[in-house]
Every structure is written in C-alpha cells, then in structure tokens.
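**Student:** Given chain R, work out where chain F should sit, using these hints.
First to last, the protein sequences are chains R and F. The opening position of the first sequence corresponds to residue 1151 in our numbering, with each subsequent residue numbered one higher. The opening position of the second sequence corresponds to residue 13 in our numbering, with each subsequent residue numbered one higher.
The set of hints was computed from the structure by calculation and includes no laboratory data. For glycine and all other residues, C-beta sits at the position ideal for the given N, C-alpha and C. Hints may be right or wrong, so weigh each one.
Unchecked claim - Stretches of chain R that chain F covers, calculated by requiring three or more beta carbons in the stretch to come under 8 Å of a beta carbon on chain F:
1) 1190-1197
2) 1247-1258
Claimed, not checked - Cross-link-like lysine-lysine pairs, in silico, DSBU-like; alpha carbons within 35 Å at most:
3) 1229/R <-> 1192/R
4) 1152/R <-> 91/F
5) 1192/R <-> 92/F
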Amino acid sequence: RKEVEQDPGPFNVPEGATVAFNCTYSNSASQSFFWYRQDCRKEPKLLMSVYSSGNEDGRFTAQLNRASQYISLLSRDSKLSDSATYLCVVNVRDSSYKLIFGSGTRLLVRP
Amino acid sequence: SQTIHQWPATLVQPVGSPLSLECTVEGTSNPNLYWYRQAAGRGLQLLFYSVGIGQISSEVPQNLSASRPQDRQFILSSKKLLLSDSGFYLCAWSALAGTSGSREFFGPGTRLTVL
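One chain only, chain R, in its complex shape (with noise of 0.2 Å):
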C-alpha cells in the first residue's frame, strides 16, 4: 500500500466549477501535511499547508480529518489556470527529514 494515496483523475470541469481533492495517508505518526501544484513538465511549488482546525487560501479550502488519516482540497470557481496536478504531501513523525509525496490527481480545466 502506498503512503500516500491520490486519485490519479484525470478531473475535466468547466470554468466555474467546484473540485474536491482526496488523499489517504496510511501512517498515523504523519505530523505535517500540505498540497502542492505541479504544472506541466515544471516543478512543484507549495500550494498550502494543512491545519488540523481547516484552513482557506483565497479559492482553496483544506481538510483534515486525523481519525480517517483523510486529507482534502477543495478548488471553489475554477479558472482554465487552474490546471495543473495536485499533489497531497505528508510528513512523519520520525528521525527522517523528507517529505511523502503522492502521486497527484490531474486536474483540465475546460472553457
């Protein structure tokens, strides 16, 4: 099973729409958690971090639900600039110092 688990999508919305982003991690000492953006044949860059209380970043609403080891993104009135892959990361609570990263969910934004 891996860490961290995304749909892979691709997700094809129209302009405006609303887009829910999910992600299971399967380590319950996980500590830190984020969503990066990652477009095409460029590199990732941080979108938000996610707080256990929830937090909102313009458009951009993030989820956490410990117990359930569930994450999500949710994208409010999509725009074509939108499109891009989503990436759910995790951290664990270890001696380690590296970050888990999904494999991302596809997201095209269509006219």
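**Tutor:** Relative to chain R, chain F alone:
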C-alpha cells in the same frame, strides 16, 4: 529571499556516459537538501537527502550518487548512465535543518534524456 538554482535545464546523454547535476541554494544557511526524480507521467521519487555537509542518505538503490561538498551545494552524479535514468530531476531544500516536517521548495529541475 531564498532561491534555488539547478543546471543544466536540459541534458541529452548517451548510455554509459557520466552525469553531474548541480544544485545551489541562496539566502539560507544549513538547509536540508533533497534530490528527486520524476519519470514521465509518474510521481516524485526521493533519491537522496542531506541534513548537513558530507551527510547523505540514500532512499533507493541505484547507480546514482550524491554529494554535498558545501553547505548550500548538492550534486547528483553517475559514473555510467542507464536508459532508465531518464527523467525530470528536481532539487529541493527545506528550512530547519535536522528537523522533519518543514515544507520543501523546489528548483526548476533538469530534464535528462538518456539515449
């Protein structure tokens, strides 16, 4: 502000040739440094990470190696490239050296094609 540089941006190499990719970070001290590879249409695979000069941890067995000769320099090398080494190589750094969980920032990447 912090910036991370990688070069070259693209590289085409024959099978069996050596490889050296360089990554440097500016504007921060004692960062954690990482090398990732992303095959076409695939997720990120962590290859190496370093928490300090001369300290390298390898995540997967392969014909690649990494070195950190200076605090803000991270080098990925191979003596003999394989076809399977083709991919998008990304260097990343995170703050709070020696601690886990800090978010990572990526360089622009090197696209390597082995023929």
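**Student:** If a hint holds in the structure, say so; if it doesn't, say that too.
**Tutor:** Comparing the hints with the structure gives:
1. 1190-1197: With 6 residues in contact (Cβ-Cβ under 8 Å with chain F), the coverage given for the stretch 1190-1197 of chain R holds.
2. 1247-1258: holds (count 7)
3. 1229/R <-> 1192/R: The hint holds at about 19 Å.
4. 1152/R <-> 91/F: Since the Cα atoms of residue 1152/R and residue 91/F sit roughly 31 Å apart, the hinted pair holds (cutoff 35 Å).
5. 1192/R <-> 92/F: holds (26 Å)
Checked against the numbered hints listed earlier, the structure breaks none of them; every hint is satisfied.
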